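Following the hints, position chain B against chain A.
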Amino acid sequence: MKSKKIHAVFLLIFLNAVLFGNQQTTIKDDLDFPFVMTSPPQRIISLAPNITEILFDLDLGEKVVGVTRYCDFPEKALKKEKIGGMIDPNLEKVIALKPDLIIGFRGNPLRIIERLRGLQLPLFVLEMGTNLETVFIIIEKIGTITQKEEKAEILVESLKKRYSKTQTALRNVQHEPRVFLSIHGTGLWTCGKGSFLNDLVGKAKGVNIAGNIPRKWLHYNREQLIHDNPEVIIILSKSETEFSKVKEWIKNEAHLKGIKAVETDRIYFLDENLATRPGPRLIDALEELARILHPQFFKEER
Amino acid sequence: MKTRKKKLRLLLVLLILLVVGLLISLLEGPVETNFNDLWNLIINNDSTFRTIFIDLRLSRALLAFLVGASLSLSGAILQGYFQNPMAGPFVVGVSSGASFGAVLCIYLGLNIRIIGFSVQSIFAFASGFAIVSLVYLLSQRKGVFKVETLLLTGIAAGALASALTSFMIFLKADSFEQAVFWLLGSFALSDWNQITAVVPYFFLCFIIAQWLAKDMNLLVLGDDVAQSLGCPVSSVRKIFLAISTFLAASSVSVSGIIGFVGLIVPHWIRILIGPDHRHLFLFSSLTGGIFLIYSDLLARTLLRGELPIGIITAVVGAPFFIYLLSQRK
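Sequence order for the protein chains is A and B. With the first letter of the first sequence counted as 1, position 279 gets the number 278 in numbering that gives the first Met the number 0; the numbers rise by one all the way through. With the first letter of the second sequence counted as 1, position 196 gets the number 195 in numbering that gives the first Met the number 0; the numbers rise by one all the way through.
Treat the hints as calculated values from the structure; they're not laboratory data. Since this is a predicted model, take the numbers as computed values, not measurements. Among the clues, some could well be false.
[Unchecked claim] Stretches of chain B that chain A covers, calculated by requiring three or more beta carbons in the stretch to come under 8 Å of a beta carbon on chain A:
#1 181 to 194
#2 228 to 242
[Claimed, not checked] To give an idea of the interface, some chain B residues facing chain A are shown, with a C-beta separation under 7 Å as derived from the structure:
#3 G28
#4 P29
#5 V30
#6 E176
#7 G304
Backbone N, C-alpha and C define an ideal beta-carbon position, used for all residues, glycine too.
With the rest of the complex left out, here is chain A (with noise of 0.2 Å):
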């Protein structure tokens, strides 16, 4: 019974593939699991709030059907159903909301992408990569996968074009400051090598002090930033009020007073939601990133 039925879903495929052309490809996703694509996806639940940023950018909030706890932008997002975390999607509530595609990323654990797989949930995912350019990457392959290749392609078009512009910008750069990037509040929690922050301060002509760090996030010796003596501490935080609380905490914090960046009092605030997002938006941080460590190359845009 069970293979009589296969045996027509595969001659369907292949009347589908005569008659309409090559409508069923497969593809590879981050993970090499092959990806079948057919009809564009109707019902889509993200893992990850970057990759919801993009998919309201591919015109697909309508399609949209579960995002998780932490996708907040665009604001459309708030209203979606909710389906747990990034690290605890809630495997109920994924299949109540029947997906199509469920768009995962390596950040989500591995035990859960195999249990949605083991459920036989059509599931893609993304590798996140360590710098700027993994988002152009991301970008098209949810386009391609979302069967929106023209709109992923304007999109990304038109963020090369933004990065190129800071990069011409910054081209005179003479002196690229040391930084030191408090995340996570007030702990010197910083993010090293495999970190697409410490990526972006490169391409921001500055130099990430940890950046020789083998490790994506990391807890910095309090000495050692002494030491490193950073001449622009940039603090990620959700909103102005925390910001202006871990940086009371750094300038009353007596062992950091001799510190550049506390003297000269060179420090600034950077939306952790733009930033550590690889997403859309991430070139509005390498924007503003640019702007704090130059604003000498960017006086008459201002």
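Only chain B this time, still in chain A's reference frame:
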């Protein structure tokens, strides 16, 4: 005769608790469902509800039952083996040892099967067995077996194994989720493959334990007495140690460390029906399974997200452990 009646009554109560527990597990979850949906599944075989009810909730409840049964049986055996009511897979360090082995296997990137056994469970078994043997040898000072030494060595060895486990997780991935799973246990991602992986081990070990239960009753009288009564003490001991370790290791490799189950459940049963291992093994398994079904229900409904189940069992079990310590003369 009277105790027989008591046992039958207990069995009946346990079976009712089991059925109720399974029903609640089926109906309770983040997606709202009721009897009608369950009925719909049976009549219409709706695929969405089938996945939710059968692949997610039922598999989860059954895995919880199997792991609880395995751990409790393991605990009942260890308590008889060490002639000590405070032994248990968690206390003696088997669980932590097994978890170390499982994580080591992941760390080395080994993911193969050898004649039906996954390498991961072999690793878990080997390191769990190593720990329990070590603890056993260390707690025998000059031929004298001391309970305090057993408990303390077990705890120290367990702590060491857990520290090494955390260390590997820390080195391998910045994944907090992995650490929580291995150190506190969870059934959140249970599936039928895991059940089929555990079922044969459990039943095999259970049958062996039941078969040797009479000998365990003799062992409790002391090795010399048991030997004189015709029990092949050293081989029986070896078998019991092996199966109790195997039970703990196979459950750890599917659900992470879930503490205190194997310690407290055999106790409850001993209080209720007495120390005869012929019944103790069966009732401990059944009760342990039911206990974990309800603990898992709490773990997934108490908060909005999931709680590691090890938190629930520790909150119930640790005070009981302290109570037992204070009761000792």
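Here is what the structure says about each hint:
Counting residues of the stretch 181 to 194 of chain B whose beta carbon lies closer than 8 Å to any beta carbon of chain A gives 4, which reaches the threshold of three, so the coverage claim holds. With 0 residues having a Cβ less than 8 Å from any Cβ of chain A, the stretch 228 to 242 of chain B misses the three-residue criterion, and the hint is violated. Checking B:G28 against chain A: minimum C-beta separation of about 5 Å stays under 7 Å; hint holds. At its closest, the beta carbon of B:P29 sits 5 Å from a beta carbon of chain A; the interface hint therefore holds under the 7 Å criterion.
For the restraint placing B:V30 at the interface with chain A, the shortest Cβ-Cβ distance is roughly 4 Å, inside the 7 Å limit, so the hint holds. Hint status for B:E176: holds, given a least beta-carbon distance of 5 Å to chain A, under 7 Å. Below 7 Å, beta-carbon pairs count as interface contacts, and B:G304 has one with chain A at about 6 Å; its hint therefore holds.
In this structure, only the earlier hint numbered 2 is contradicted, and the remaining ones agree with it.
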